[in-house]
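Each chain, letter by letter, is given below.
2 protein chains.
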Amino acid sequence: MSDVKGAAALRATLVFNLGTLGALAADRFAGRVEALGLKPKHAGLLAALDGGSAASQQELATRLGVAPSLIVALADQLQELGAVERVRDPEDRRRQVLTLTAEGRRLLDRCAEAAEAADAELTAGLTTAQRTALTRGLRTLGDRQVPH
Amino acid sequence: MSDVKGAAALRATLVFNLGTLGALAADRFAGRVEALGLKPKHAGLLAALDGGSAASQQELATRLGVAPSLIVALADQLQELGAVERVRDPEDRRRQVLTLTAEGRRLLDRCAEAAEAADAELTAGLTTAQRTALTRGLRTLGDRQVPH
DNA sequence: TATTGTTATACTCTATAACTATA
DNA sequence: TATAGTTATAGAGTATAACAATA
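Which chain is which? The protein sequence lines are A and B, in order.
Heads up: the first sequence runs through residues 1370 to 1517, numbered per the working numbering.
Heads up: the second sequence runs through residues 1370 to 1517, numbered per the working numbering.
Mixed in with the good hints there might be a few duds.
For identical chains, the list gives no copy identity; a pair is met inside one copy or between any two copies.
Stated by the list, open to error - Heads up, simulated EDC-like pairs for lysine to aspartate or glutamate below, C-alpha to C-alpha not over 20 Å straight-line:
| no. | residue 1 | residue 2 |
| --- | --- | --- |
| 1 | K1410 | D1396 |
| 2 | K1410 | E1428 |
| 3 | K1374 | E1403 |
| 4 | K1374 | D1458 |
| 5 | K1408 | D1458 |
| 6 | K1374 | D1445 |
| 7 | K1408 | D1512 |
| 8 | K1408 | E1460 |
| 9 | K1374 | E1460 |
| 10 | K1410 | D1445 |
| 11 | K1374 | E1449 |
| 12 | K1410 | E1460 |
Think of the hints as simulated: they come from the structure by calculation, not from any bench.
Note that the coordinates shown come from a computational prediction; the quantities given were computed from them, not determined experimentally.
Using the sequences and the accompanying hints, generate a full structural model.
Pasting the structure below:
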């Protein structure tokens, strides 16, 4: 029993390639946003705040899949950059509602530019068709996860 | 100047989706191989040793893009599991040549199975065509990186 | 008593630097 | 002197647990 699969079988899997390329992509993105004083997680939080209705920190923690204490730290740093505001919910004074400021939206736009630049670098050897097919595939895959 | 892009533009990028899905995929894979006493990096090292000609630890460090001291730790643990052997190169007694044992190949096969199971879970909502297209896209993207 | 946010603490991962042995 | 491997140490990132305020 127990098929012999070896390295070739592992390299053929989606998770293996997603894992290695994901780490690479995260590094490239991190390198570009650090000039803004941000880490990838800050960008993720800014993105979660944009468009979405004003959210409490607990909601954001579960939405991003991180510990609430991490949201506190990220929000502290974003607040120091003037990117977010904390407002106590008058209906429930335990809740801190985070909202993007104009500066926060500006930073988010810079993050998007950084990501686009990293995309261009990463996909330099690919055709436009390959690139868009890949992006769409990843988005549909991502949309299937956490489909609450 | 300075286009307004917002969260939608960020979410449309490859690096953003690769980063988030890569972290998710790595977690799922880690959850499955930890029963084998392994972390994803161990699997990466095992895969690097399979097929490839016997490699020194320095070569492996640069190949995997990690510090040499990390290879030492990973190899220590794999050796303890009986998965690799360290043999001093008689030509240059400073070099430790790592080779897979039969147990190492067995563990590598188990890692491949774990990755395939994680794939199935992750792509549950996708058609076969979507899944193979995505896997191929990622492999071609991965092959373009570090094309030394 | 339960929940939100916060703080304090600890743990995991990994790199850098110092060291040993061989060259 | 330079290089392969190892060991010691330190830093980043993040979670867990204890705590305060509010419900």
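Quick rundown of the hints versus the structure:
1. K1410 <-> D1396: For K1410 and D1396, the Cα distance is within 20 Å both inside one copy (12 Å) and across copies (17 Å).
2. K1410 <-> E1428: Within one copy only: 16 Å inside, 32 Å across.
3. K1374 <-> E1403: Between copies only: 19 Å across, 41 Å inside.
4. K1374 <-> D1458: Neither way: K1374 and D1458 sit 56 Å apart in one copy and 29 Å across, limit 20 Å.
5. K1408 <-> D1458: So K1408 and D1458 fail the 20 Å test inside a copy (28 Å) and across (43 Å) alike.
6. K1374 <-> D1445: Neither way: K1374 and D1445 sit 48 Å apart in one copy and 24 Å across, limit 20 Å.
7. K1408 <-> D1512: Neither: 23 Å inside a copy, 27 Å across copies.
8. K1408 <-> E1460: neither (33 Å within a copy, 46 Å between copies)
9. K1374 <-> E1460: For K1374 and E1460, the Cα distance exceeds 20 Å both inside one copy (59 Å) and across copies (33 Å).
10. K1410 <-> D1445: Within. Shortest intra-copy distance 13 Å satisfies the 20 Å Cα cut-off; inter-copy 33 Å does not.
11. K1374 <-> E1449: neither (52 Å within a copy, 23 Å between copies)
12. K1410 <-> E1460: neither (29 Å within a copy, 48 Å between copies)
In summary, the numbered hints that this structure violates are 4, 5, 6, 7, 8, 9, 11 and 12.
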